[in-house]
Amino acid sequence: GDSVTQKQGQVTLSEDDFLFINCTYSTTTYPTLFWYVQYPGQGPQLLLKVTTANNKGISRGFEATYDKGTTSFHLQKASVQESDSAVYFCAHTNTGKLTFGDGTVLTVKP
Amino acid sequence: NAGVIQTPRHKVTGKGQEATLWCEPISGHSAVFWYRQTIVQGLEFLTYFRNQAPIDDSGMPKERFSAQMPNQSHSTLKIQSTQPQDSAVYLCASSLTGGTNTGQLYFGEGSKLTVL
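For the protein sequence lines, the chains are A and B, in the order given. Everything in the first sequence is counted per the working numbering, starting at 1 for the first residue and increasing by one. Everything in the second sequence is counted per the working numbering, starting at 1 for the first residue and increasing by one.
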């Protein structure tokens with residue numbers, strides 16, 4: 001079935017480090033892809049969205065590029081801050097509901 | 001604007017008791033989704049409604065779980081005869097249209113259910 005895979009369960013960085021979180025998808029069509037972020041005690045919130053039409057999403061210094069060749073949708077940020085510490089989920093939809101990856105816990109040390 | 005409101009924020013039940021969780025979507029949003037979040041299973045889709053009609057309940061356990069949306073301003077998730085494995089954070093989300101490929105869900109803060 002359709003799915004998204006995040007292999008990194010945890011990532012620990014220092015402030016100003018480069019962030020890269022891996023996400024790959026497996027679907028029979030070209031879905032819309034998303035990154036959501038969840039802070040402690042809150043529900044997930046949309047970070048960015050990418051469709052096949054625009055191929056790249058950018059928000060708050062984060063960016064992700066839709067790569068049909070490698071079926072990947074990695075999240076990147078040039079310089080992380082302590083306030084970026086959270087859980088990041090990639091997700092996709094092509095049937096009206098969102099399917100989430102397992103999430104990556106990002107810890108940024110000051 | 002108020003976001004998605006979920007009540008109660010915390011609920012503790014004894015094994016075998018019933019639990020009802022409430023969700024008030026953002027006004028004007030036509031789709032409501034329920035998810036369950038645990039450390040082991042992550043974020044699991046349960047069910048969703050569009051314009052109050054059930055659209056997809058493929059994630060709902062067939063026994064003991066039911067969801068309703070009696071009007072556009074609230075939805076309920078009911079768990080009968082709760083079991084310890086039902087312990088989780090239950091998240092409600094709403095979206096403006098809920099159609100295919102929209103995907104921008106607005107989540108509430110969740111209801112944490114603990115079954116003793």
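Accuracy of the hints is not assured; some may be wrong.
Claimed, not checked - Pairwise CB distance ranges (calculated): (1) Gly69(A) - Ser66(B): 42 to 52 Å; (2) Ser59(A) - Ser27(B): 46 to 56 Å; (3) Glu18(B) - Ser14(A): 44 to 54 Å.
No lab work stands behind these hints, which were simulated from the structure alone. Every residue, glycine too, gets a C-beta built ideally from N, C-alpha and C.
Each hint tested on the structure:
1. Between Gly69(A) and Ser66(B) the beta carbons are some 44 Å apart, a value that agrees with the proposed interval 42 to 52 Å.
2. Between Ser59(A) and Ser27(B) the C-beta distance comes to about 25 Å, which lies outside the given range of 46 to 56 Å.
3. Between Glu18(B) and Ser14(A) the beta carbons are some 48 Å apart, a value that agrees with the proposed interval 44 to 54 Å.
Comparing the model with each earlier hint shows a violation of hint 2 alone; every other hint is respected.
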